[in-house]
Every structure is written in structure tokens, then in C-alpha cells.
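K.L.:
Required output: the full structure, derived from the provided sequences and hints.
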Amino acid sequence: MKQRLLIIFAVLIYNSVSAEDGYRLWLRYNTIDNPSLLQQYRQQITSINCQADEAKLLAAKQELQTGLSGLLGKKVPVQTAVINGTVLLGLPAHSPVIRKLVGDTALARLGDEGFIIHTVKYEGKNVTLITANKEAGILYGAFHFLRLLQTQQSIQQLSITSVPKIKLRLLNHWDNLNRTVERGYAGCSIWDWQRLPGYIDQRYIDYARANASIGINGAVLTNVNANAILLTEEWLQKVAALANVFRPYHIKVYLTARFSAPVEIGKLKTADPLNEEVRKWWKDKTDEIYKYIPDFGGFLVKANSEGQPGPQNYNRTHADGANMLADAMAPHDGIVMWRAFVYSSETPEDRFKQAYNDFKPLDGQFRKNVLVQVKNGPIDFQPREPFHPLFGAMPQTPLMMEYQLTQEYLGFATHLVYLAPLFKEVLDADTHAKNNSTVAQIVDGATDGHTLSGMAGVSNIGSDINWTGHPFGQANWYTLGRLAWDNTLTSAQIVSEWLRQTFTNKQAFVDTVQQLMLASREIQVNYMTPLGLHHIMGYGHHYGPAPWYNKAPRADWNPVYFHKADSIGIGFDRTARGSNALAQYQPAVRQQFENLATCPEAFLLWFHHVPWDYKMHSGKTLWETLCDKYYSGVDSVRWMQRSWDGMKNYIDAGRFNEVKQLLAIQEQEAVWWRNACLLYFQTFSNKPIPAKYEQPDHTLAYYEGLEFPYAPH
1 MKQRLLIIFA VLIYNSVSAE DGYRLWLRYN TIDNPSLLQQ YRQQITSINC
51 QADEAKLLAA KQELQTGLSG LLGKKVPVQT AVINGTVLLG LPAHSPVIRK
101 LVGDTALARL GDEGFIIHTV KYEGKNVTLI TANKEAGILY GAFHFLRLLQ
151 TQQSIQQLSI TSVPKIKLRL LNHWDNLNRT VERGYAGCSI WDWQRLPGYI
201 DQRYIDYARA NASIGINGAV LTNVNANAIL LTEEWLQKVA ALANVFRPYH
251 IKVYLTARFS APVEIGKLKT ADPLNEEVRK WWKDKTDEIY KYIPDFGGFL
301 VKANSEGQPG PQNYNRTHAD GANMLADAMA PHDGIVMWRA FVYSSETPED
351 RFKQAYNDFK PLDGQFRKNV LVQVKNGPID FQPREPFHPL FGAMPQTPLM
401 MEYQLTQEYL GFATHLVYLA PLFKEVLDAD THAKNNSTVA QIVDGATDGH
451 TLSGMAGVSN IGSDINWTGH PFGQANWYTL GRLAWDNTLT SAQIVSEWLR
501 QTFTNKQAFV DTVQQLMLAS REIQVNYMTP LGLHHIMGYG HHYGPAPWYN
551 KAPRADWNPV YFHKADSIGI GFDRTARGSN ALAQYQPAVR QQFENLATCP
601 EAFLLWFHHV PWDYKMHSGK TLWETLCDKY YSGVDSVRWM QRSWDGMKNY
651 IDAGRFNEVK QLLAIQEQEA VWWRNACLLY FQTFSNKPIP AKYEQPDHTL
701 AYYEGLEFPY APH
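Number 322 in the working numbering belongs to position 322 of the sequence shown; there are no gaps in the numbering.
Hints are computed from structural coordinates only; laboratory data are not their basis. Heads up, a few of these hints could be off.
To be verified - Result set (DSS-like, lysine-lysine): computed pairs, CA atoms no more than 27 Å apart in a straight line:
1. Lys283 x Lys368
2. Lys283 x Lys267
3. Lys434 x Lys360
4. Lys252 x Lys283
5. Lys368 x Lys134
6. Lys692 x Lys615
7. Lys252 x Lys269
Note that the structure is a prediction, hence the values are computed from the model and not measured.
P.N.:
This is the structure in C-alpha cells:
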């Protein structure tokens, strides 16, 4: 009996130690579980030598010591001597020997953030050298070296040079000052403003570590629907406290600027950007910000969109507004990110066209320290959108990519949807604006020669213990950083890295779950918005399907506006016969999309109103294909469930069970989407759902009657 109790106690102790809650993200640093590889690593890594003023490289040194000691299962000392297996950390400016080992030509290519990791002979010893021109590069190099070990790569003969393709790699937090998060599905805001500046939560430091590990170098702390009070002295002190935490990790803070702030907190009578008093107010306010935060990054601005104030209130252009702020920022080397997500408050034409119509005529009118921040698609972060027509249309203006990590239209933090395929689909699209004109090449400045470049993701981070609500939501945060650093990485490369660091290197697990993740986005498109359907979700909260909704206060907030189903067919005609939105693309793109025969089926209903009996490439009708897609989506979620069930013995029980439960909810909601949409569209097509499929178990009236007054917004 006593022996049984001891065994049970031992098992409980083991489970409590091995249980994981996801807080450590991809920085787990568990001891390598491959004995022979662990032995190799221990021989190849024996100490850390920091050739510098340690304060400047403290974050990199600490991370290396923590990471290496954990991965190797023994303490890795920091020492001044160089021995076989030393990891040598330093800038060429600190050591002539390092400069000689690397060479000026290699260093010149690194810029301020790139790094080199080389296996070298140093004073006759085998050494791993991590070097860069600036401290930021050393930090990124340290994290990259740890990633090699976490993913169990060979470190025997390293020759790595890595330079970020994009300069500004940012998270945009839609966090409000009362700790609510707009479109947030992972708890409250992590910024505890009430206790700042006096209380520094450990989570702020871990947030900075996680971002630095994937190359993110900036955070916009607050919602684009901005609050002017943030720019007052009391709140700037709070922001400065966060900036102090982030600074060792080379992360700048940015704030959202409410355009009407001169009126609301400055007591001016106008916010006209051409008014001298207004311009002086912004200059003085910017000077004040830099007194609190010497390395402040700049402003992100949402103006004249969805009720937000802006320069058009005063009959000025977006360029007038952006340039006023840019002039205030210029003496401090700050930047302005001006969002292109605008649409008229009057009864609009096709929303698809409005950002292009507003911004294309302004190309070349913005100051050099302004980026125009453009969503990946022309509507609003839908499960699938064609690339935004502004990409390739403004060669004289740096365009900054805006993605959404928080899954506003993709099942919140309930659905497992890996977003790298969505991001890559857009980045790899050819705009045909000129040679070398993929969206990626436009965003990183390669096409038009811009030195200022940026990519941002609307954060999916909250106060939940695992940061993102769904454990797999972490992968989308990880993906943003990795793609912003190197947009040539593939979805498969990124997912393999993330899985190995976050769960396990066991090949059976990685192979199975990688396949599941790579398929997940297309699966979700199939059960939500196949064949180019878009914006057919619930009103306001955006939870669940509501293709029937038509009571919003403006036309383009109604799903019926976007799918236009009738007795003839379905889809939004954006050819010359319809809204003519296709005219905003280059001729080669327009010609492909405007012809029914050449338009990719994935975008068919984005650009065409298609008859229900239209014969698709498969020979099936549009209606039959629509049914096939919806049913395929649900069947594929069930395949995801079965695949995950087989992973039980590879990872900890806590995260396994959490994902299992979430996949069960995803399956239920996929069925809901399928049934509700097909029953509704069936009222127009007057065609049966093929008998081979399981039939909906509720009526259309049942689905139309569902209400969700407390769904997160």
C-alpha cells in the first residue's frame, strides 16, 4: 500500500512538473531530449564570452545563459577566457580580432540589425562567433542561435548571415485604456495602466523577450480608435515606463494619435492641419513625448474612417494631415504611419475602391518619414481577399503592410487557423506594376527603392495565461515576426520551427501537425466563405454566419451588400459591368480576374455575379461546387480532430486536451456556418443540397433567430 502511494505521489509530482500552460511560448528551453545530440551540443558549447560593456549586451548575454543552460541541462558559465566551445559575443568595435575574423565587407552588408553567426578559430580554439554592427543585431543573433538548438540543427560548421528585409516590424495593439481590447479574444489588455508606472509586471519583460526573439522591433500600444488622454503628461509617464522595459530588447514604443487632440486636450478651437496654432501644438506635444521617451518611434493614425476625426473634416487631404505630424516628428527621427483603411461616411460606392480613390492621387505628396499603412486586402481582413490594389499603385510612397493576427473574421480564439498561407498568398502575388513587383517586393522597398519599410500585425495577445487564447494562435504572432524579418521563408519552414520550439521535435508529431496547420486556413475558407464569398458574418460582433443580415445603418455593413444573392446567381460584380473596381489593378491582373474563364475560382465571387447553373472547371455547377466546398470544410475539420487525437502521447496532457476541446467547438461552428449559409443561399438557388451529404438538422429560421448579445466585439 505504501509503495502504491509513493508511485502515485511520484506520478503527481512528475505531471505537475511536466504540465505546460503555454506561457513560455516558443522560448521553453527544455533540456534537449535527444541524448546523442545533447552530448554533441555540450561538447560544442562550454561557455559564453561577452566582449563588450556588459550593460549594452546584457539582454543577449542573459538570454543565452538562460537558454543554453536550460537546453543543455547544465549551467553554461559566462567567463572572460576563450576555450574550446566558447560562444563569443561581441561587436567589431569592441574587438579588433572579431573585425578581422569577419571582415569589413561582410559587416557592411549587415546594417544596424543584421547579424553573423560563424564557427571560427579564435586563438586556436573552436568558437561560435555571434557578431553584428550594433547591439540589436547581437540580440537577434543570440536568439537565432538558440533557435538552432531548440530545433535540433547542426551547429558544427555555422556560416550564417541574416539581415531583416523590412525596417519596421510591429505589433499593433487595439488595446483601450480601460484594458478592454477591440477584437480581442484572449482576455484583457496586458497593459495594466492603473498600476503603471510604479508596477512593472514580469509579463512586460517576457513580452519584450518573445518579440525580440522573432525580430519584432516596435509596439503600438493603443487602439487605432484613439483616446487623446494618452498624450497627457500623466499617461506619457506610464508609456515611458513600458519603453524602459522594452529598450534593452530594442523595441520602440509607438502611440496612436487622435487627430482631434488639439481640441480635446489642447483647448484649441480647431484641429485643421494647416492652422499654425495646431501645427505648433503638435510640435510642442511631440517634443514633450521625446523628453519622456527619447527613442519614441512615432504615431499610427486612423483618420476619417468609421467616425474617427481627420483632416477631411477641414477639407484637407490625408497628405496634409500626415505631413503635419511628420514635420513635428522629423527633428526626432520619428515616423508617421497613416492608415489607408478609409471609407466614406456617406452612402458609399463599392468599399473595395475607396482607399485607392483617396490615396492614389496623393502619391508623392507625403513627407519622407511617412508610411501609408495598407491592409492586405481591400475590404477588411477576410478569410481570403485579393491583394489590395494600392500595392503597386503608389511607387513614390512607402506602403506598410497591415495584417490581422487576432482572428476577428476567422473564428476568434476558438478556431485553429494558421495564417502564414494567407500572409504568403498576398506577399507572393504579382502586382504587375513593373519588374520585380510582387507585393513582398513593394512592401520591403525592393521595387521602388524606398529605405523606409514596414509590416504590422494587429495583435492577438491578451491576459490569458497562454497569451493568445488558442494555443495555436501563438503561431500567428510568431509568423508575423519571422515573415517581417524574411519574407522569403515558406509557411512550412515557419510552422516547423514553431512546432519544434513550442511542443516537441518528435518527427511524427511535427509531420502530422504541420500538415494539419498548413491545411487549416483553406479548410476554414471552405466552411466559411468559399469561392470568393466575403463579409457574411454576424453584425457588430462578427461571430458566426449571418448572410441574411440587412439592417445595419449603412449599406456596406450588411452581408447582403457583399454577396448579392438573387434568383439568378451570387457574387459581387466588380468588372466594368458592375462597380469596375478591377480597373484599379494593373492590366494583366485585371484581365485575369475580369474573365470568368481565367478568374481563379478562389476569387470568383469577389469579382463576378455568377449564375447558379454556371459550369465550373470541374464540370459541376456553381451551386454544386458551393455545396461541395462547405461540406469539404466540415469534413476537413473532422480530419483535423482525428489527426490531433493521434498526438496524445507526444505532448503534455494540458495543451493536448485544451486543443482537443477547441477543435470540438470548431467542428460545431463549422457545421453551423455550413448549414446556415447553404440554407439561406438555397432560398435563391431553389436547388437541393445533394442527397449524398448529411442534411442540416435545423431550419433556416432557427439559424436566423440566434442572437449573441455578449459575444466579444
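K.L.:
For each hint, tell me whether it holds in the structure or not.
P.N.:
Taking the hints in turn, this is what the structure says about them:
With a CA separation close to 17 Å, the supplied pair Lys283 and Lys368 stays within the 27 Å bound. Restraint check for Lys283 and Lys267: satisfied, since their Cα atoms lie roughly 15 Å apart, inside the 27 Å limit. Restraint check for Lys434 and Lys360: the C-alpha separation of about 17 Å stays at or below 27 Å, so the hint holds. For the given pair, Lys252 sits about 20 Å from Lys283 by alpha-carbon distance, which is consistent with the 27 Å threshold.
Pair hint Lys368 plus Lys134 holds up; C-alpha atoms about 24 Å apart against a cutoff of 27 Å. Of the supplied pair hints, the one linking Lys692 and Lys615 holds, its CA atoms being roughly 20 Å apart against a limit of 27 Å. For the suggested pair Lys252 and Lys269, the alpha carbons sit about 33 Å apart, so the restraint of at most 27 Å is broken.
Violated hints amount to a single one, hint 7; each of the other numbered hints is respected by the structure.
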